[in-house]
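One letter stands for each residue in the lines below.
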Amino acid sequence: MADNNNYRDTTHQSDLSISITPAKAGVGLLFAGGALTMHRILCLSALLMGLFSAVGVYAADAQQSEPVDPGIEGSAIDKSAKEKSDSGGSAFAEWESKYFASSPDNTGPAIEQPIEFPHFRHAGDHDKGGMEINCMYCHTYARRSLVAGIPPVQKCIGCHQSIESVRDKPRIKKLFEYWDAKKAIPWKKVHDLPDFVRFSHERHIQRFIFQLNRPVQEVCGYCHGDVKTMTVARRQKLLSMGFCVTCHEVKHPVTAEGGTPIGDQAYWYSMRKPIIDASGIIKAQGPNDCSVCHK
Amino acid sequence: MSISTLFENYSEYRHIHPVDDVPHNPYKWAMAIDLDACSGCNACSVACYAENNLPVVGREKFAHGQAMHWMRIERYWDEDGREFPDQGARFLPMMCQQCEAAPCETVCPVGATNHTPDGINSQIYNRCIGSRYCSANCPYKVRYFNWWDYPTTDNVWPAEMNQQLNPDVTVRGKGVMEKCTFCIQRVTVAKNDAKTQGRLVRDGEVQTACQQACPTSAITFGNLVDPNSTVHRKWQAQQVELDKDEQTKDMAEGGSELRGYRIYEQLRPFPSVMYMERVRESAI
Numbered sequence: 001m002a003d004n005n006n007y008r009d010t011t012h013q014s015d016l017s018i019s020i021t022p023a024k025a026g027v028g029l030l031f032a033g034g035a036l037t038m039h040r041i042l043c044l045s046a047l048l049m050g051l052f053s054a055v056g057v058y059a060a061d062a063q064q065s066e067p068v069d070p071g072i073e074g075s076a077i078d079k080s081a082k083e084k085s086d087s088g089g090s091a092f093a094e095w096e097s098k099y100f101a102s103s104p105d106n107t108g109p110a111i112e113q114p115i116e117f118p119h120f121r122h123a124g125d126h127d128k129g130g131m132e133i134n135c136m137y138c139h140t141y142a143r144r145s146l147v148a149g150i151p152p153v154q155k156c157i158g159c160h161q162s163i164e165s166v167r168d169k170p171r172i173k174k175l176f177e178y179w180d181a182k183k184a185i186p187w188k189k190v191h192d193l194p195d196f197v198r199f200s201h202e203r204h205i206q207r208f209i210f211q212l213n214r215p216v217q218e219v220c221g222y223c224h225g226d227v228k229t230m231t232v233a234r235r236q237k238l239l240s241m242g243f244c245v246t247c248h249e250v251k252h253p254v255t256a257e258g259g260t261p262i263g264d265q266a267y268w269y270s271m272r273k274p275i276i277d278a279s280g281i282i283k284a285q286g287p288n289d290c291s292v293c294h295k
Numbered sequence: 001m002s003i004s005t006l007f008e009n010y011s012e013y014r015h016i017h018p019v020d021d022v023p024h025n026p027y028k029w030a031m032a033i034d035l036d037a038c039s040g041c042n043a044c045s046v047a048c049y050a051e052n053n054l055p056v057v058g059r060e061k062f063a064h065g066q067a068m069h070w071m072r073i074e075r076y077w078d079e080d081g082r083e084f085p086d087q088g089a090r091f092l093p094m095m096c097q098q099c100e101a102a103p104c105e106t107v108c109p110v111g112a113t114n115h116t117p118d119g120i121n122s123q124i125y126n127r128c129i130g131s132r133y134c135s136a137n138c139p140y141k142v143r144y145f146n147w148w149d150y151p152t153t154d155n156v157w158p159a160e161m162n163q164q165l166n167p168d169v170t171v172r173g174k175g176v177m178e179k180c181t182f183c184i185q186r187v188t189v190a191k192n193d194a195k196t197q198g199r200l201v202r203d204g205e206v207q208t209a210c211q212q213a214c215p216t217s218a219i220t221f222g223n224l225v226d227p228n229s230t231v232h233r234k235w236q237a238q239q240v241e242l243d244k245d246e247q248t249k250d251m252a253e254g255g256s257e258l259r260g261y262r263i264y265e266q267l268r269p270f271p272s273v274m275y276m277e278r279v280r281e282s283a284i
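Those protein sequence lines, which keep their order, are chains A and B.
Letter by letter, the first sequence follows residues 1 to 295 in my numbering.
Letter by letter, the second sequence follows residues 1 to 284 in my numbering.
Each hint should be verified, as a subset may be incorrect.
Listed below are the simulated EDC-like cross-link pairs for lysine to aspartate or glutamate, each with C-alpha atoms no more than 20 Å apart in a straight line [said to hold, decoys possible]:
1. A:LYS295 <-> B:GLU277
2. B:LYS141 <-> B:GLU160
3. A:LYS189 <-> A:ASP168
4. B:LYS141 <-> B:ASP168
5. A:LYS295 <-> B:ASP168
6. A:LYS189 <-> A:ASP127
7. A:LYS295 <-> A:GLU164
8. B:LYS174 <-> A:ASP195
9. A:LYS189 <-> B:ASP168
10. A:LYS174 <-> A:GLU164
11. B:LYS141 <-> B:GLU241
12. B:LYS61 <-> B:GLU74
13. A:LYS295 <-> B:ASP245
14. B:LYS174 <-> B:ASP193
15. A:LYS128 <-> A:GLU112
No lab work stands behind these hints: they were computed from the structure.
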């Protein structure tokens, strides 16, 4: 599995190169202007440098704010995103802000939910006031279905009917209103993939949690970000095809120690033959065939 | 073929039959169709319409050759002098043959149609730009082009009929090529289940929609690599081999008594569908 911060790393790298290029380009232009007999390649490189610097300046202008970690204190970023979408006005801006516009770390739009569900309270760390409940306690379908699922109200009530201390909090009151009215809570979808994509929660959960024994919150976090620090969940990763491919193109070790395929399954996912590296570990790409994800 | 190999060894790849270089492991989906059992009832075609969200285009567009029947029953009249009501006919269910060295794959400008490791010629709708080159190059003429935006065209899918669409299959838009996928959505589900349970897909676990609907069980679908699968045993009994452009049995003096054959084998597309010739007299 690739580092889940792949995306952030690359953005930082590009920031760095942007800050350097103008100086380099200037030197290159001086050289090119000075000597007429300069080798053609140098001229080309100077031109390219110039181009890069121009693009860099443009990109630097476009990028306004510093990347901020969303979290419990992430209300500032919520506000800025809201202002951004408010100021847009036109239908295009609205559409853009829904699908593309995001803060530099690709945080998706803030979505208003019927109840502001505090993820940090339920799944967060003990020392930050959280309960460290397993993600799959509520999102119970993730391990056996394509979708992770939203728990029925019954699941909330199952615990909350015996937690008297928070019974008078406004969110809990709202919850019991839905329960008494026998109505489902109309949650809104936060992580939405296009209709032509087939993503299976089951496969990812089964492999990383049940076969490789990785911590649940880390595995969910590969795609969902640091939900345990959020109140209302927000999309933190890009969830574009490029995002998926950053992991699926990496060569993974596919055998357990001793050389048998993990879980007795075939490791031959793609047309590429698995490679054997210096230490004798067989590695193969993740499933990278178009029809695996595109339906 | 996956995207990553597309640019690296493409020309080399096309000239070697995939089976030699990369074994289909652990799956190679294939079909066997018994024409002796086929009664030409069109149930397979209807099942395909239902399973794969195919638009029913209507009489006028059908006449223009814009029908979207992935599975069509071809009809061949007997030329024995009898007139229509008494004239016999033979039927041949024709769908994408999932060629191993598919002519359509080589010509797609954007790599929207490509080979999966388990031997299905996949069609990626959202990648397709509608050049229709694949259709022109297909010897079986089993690729269908969306000339209209069917969900919004009048009288194709009235609003309330959207409810019957299969959520596992994309509803294709205008300007996209499509074709039989061997019900890849069912195959994927079965493969996922098998992987989770740490085993391979069992024979008979996946049924294509046409196979499921066939009243005479003329269609067999399965994993050709698995020596115990029904489809493998049928291919073996008919001595039809996947990676040959002429079968050994046919090269023998006087041909073969066996019924198994593949259509346009000599063009070297190495199709994955084996037909079994009709023995009984034509239907009247």
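Verification of the supplied hints:
1. A:LYS295 <-> B:GLU277: Violated. LYS295 (chain A) to GLU277 (chain B) sits at ~34 Å, over the 20 Å cutoff.
2. B:LYS141 <-> B:GLU160: Distance ~33 Å between LYS141 (chain B) and GLU160 (chain B) Cα, so the pair is violated.
3. A:LYS189 <-> A:ASP168: 27 Å, violated
4. B:LYS141 <-> B:ASP168: 25 Å, violated
5. A:LYS295 <-> B:ASP168: 7 Å, holds
6. A:LYS189 <-> A:ASP127: Violated, at about 30 Å.
7. A:LYS295 <-> A:GLU164: Outside the cut-off at roughly 48 Å; violated.
8. B:LYS174 <-> A:ASP195: 16 Å, holds
9. A:LYS189 <-> B:ASP168: 19 Å, holds
10. A:LYS174 <-> A:GLU164: Roughly 15 Å separates the two Cα atoms, so the pair holds.
11. B:LYS141 <-> B:GLU241: Distance of about 23 Å is beyond 20 Å: violated.
12. B:LYS61 <-> B:GLU74: 19 Å, holds
13. A:LYS295 <-> B:ASP245: Not OK: LYS295 (chain A) and ASP245 (chain B) at ~31 Å, beyond 20 Å, violated.
14. B:LYS174 <-> B:ASP193: Judged against 20 Å, a Cα distance of about 34 Å means the pair is violated.
15. A:LYS128 <-> A:GLU112: Measuring from Cα to Cα gives roughly 24 Å; hence the hint is violated.
Checked against the numbered hints listed earlier, the structure breaks hints 1, 2, 3, 4, 6, 7, 11, 13, 14 and 15; every other hint is satisfied.
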